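Q: Starting from the given sequences, assemble the full structure and let the hints guide the process.
Under our numbering, think of the first position of the sequence shown as 1, with each following residue one higher.
These aren't lab readings, by the way, just hints derived from the structure by calculation. Please read these numbers as outputs of a predicted model, since none were measured by experiment. Just so you know, not all the hints are guaranteed correct.
[Unchecked claim] Subject to a maximum C-alpha distance of 25 angstroms in a straight line, what follows is the list of computed SDA-like cross-link-like pairs (lysine to any residue):
#, residue 1, residue 2
1, LYS218, ASN59
2, LYS212, ASN181
3, LYS218, SER160
4, LYS218, SER27
5, LYS212, GLN185
6, LYS212, GLY162
7, LYS218, ALA26
8, LYS212, LEU195
9, LYS212, THR52
10, LYS218, GLN185
11, LYS218, MET1
12, LYS218, LEU187
13, LYS212, LEU165
14, LYS212, GLN55
15, LYS218, VAL85
16, LYS218, LEU184
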Amino acid sequence: MSFFVTGTDTNVGKTLIATVLLHQLASTGLRVVGMKPVAAGVEADGCWADVTALQSAGNVDAPLDLVNPYRFNPPIAPHLAAQQVGVTMSAALIALAYQQLSALADVVVVEGAGGWLVPLNETETLADLALALNVPIILVVGMRLGCINHALLTVAAIRSCGLHLAGWVANCIDADMPQFNENLQCLTQRIPAPLLGSVPFLASIDLCQLAKHIQLDKLRL
1 MSFFVTGTDT NVGKTLIATV LLHQLASTGL RVVGMKPVAA GVEADGCWAD VTALQSAGNV
61 DAPLDLVNPY RFNPPIAPHL AAQQVGVTMS AALIALAYQQ LSALADVVVV EGAGGWLVPL
121 NETETLADLA LALNVPIILV VGMRLGCINH ALLTVAAIRS CGLHLAGWVA NCIDADMPQF
181 NENLQCLTQR IPAPLLGSVP FLASIDLCQL AKHIQLDKLR L
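A: Next up, the structure:
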């Protein structure tokens, strides 16, 4: 059992939700590990906050090169960051790392980069990676003005690939979003997958508090 966490955009809370999933799954006694195939914006010391968060939330000590096969310093689109340093990313290489992680854990939670169609290279996107892994998808919707269109386009793209949308999470990223509940109701009516939870805007991060907003038993596997 594994999951691919994607989002309607960058900075919508994919890492946040992925860490909550890892935390909850680990609490059931499963061996769980997070995977961030591509990280752009690595700090000078070689660390990246999202990767560190995933590592901390899991309970399997896996090699960094499996958890995060590609990491780049520039905080720009991953394929552009790769081009700057002469690297060509490959969905096949990431899939191989995923297979090795799968041998170490009961569950691998894979967090995508940016949105569904972010390029990996000249011919492949994150969608191609998700197809190669062929695991259920969890969509994180960044709740803000414009999210309905972003969410429904992403859902349509996922379904057009023939992949299974196991559930979605509404994550409020705009504390002043007008008509939040109405937007949430609209999306709930139109997304053909269970709403796993609605996360309110939070000034500080507390995994135990966040876990109260996510219901994994609603996953449609």
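Q: Does each hint fit the structure? Answer for all of them.
A: Do the hints match the structure? See the list:
no.	hint	result
1	LYS218 - ASN59	holds (23 angstroms)
2	LYS212 - ASN181	holds (19 angstroms)
3	LYS218 - SER160	holds (23 angstroms)
4	LYS218 - SER27	holds (17 angstroms)
5	LYS212 - GLN185	holds (20 angstroms)
6	LYS212 - GLY162	violated (31 angstroms)
7	LYS218 - ALA26	holds (17 angstroms)
8	LYS212 - LEU195	holds (14 angstroms)
9	LYS212 - THR52	holds (22 angstroms)
10	LYS218 - GLN185	holds (17 angstroms)
11	LYS218 - MET1	holds (15 angstroms)
12	LYS218 - LEU187	holds (16 angstroms)
13	LYS212 - LEU165	holds (22 angstroms)
14	LYS212 - GLN55	holds (21 angstroms)
15	LYS218 - VAL85	violated (43 angstroms)
16	LYS218 - LEU184	holds (17 angstroms)
In this structure, the earlier hints numbered 6 and 15 are contradicted, and the remaining ones agree with it.
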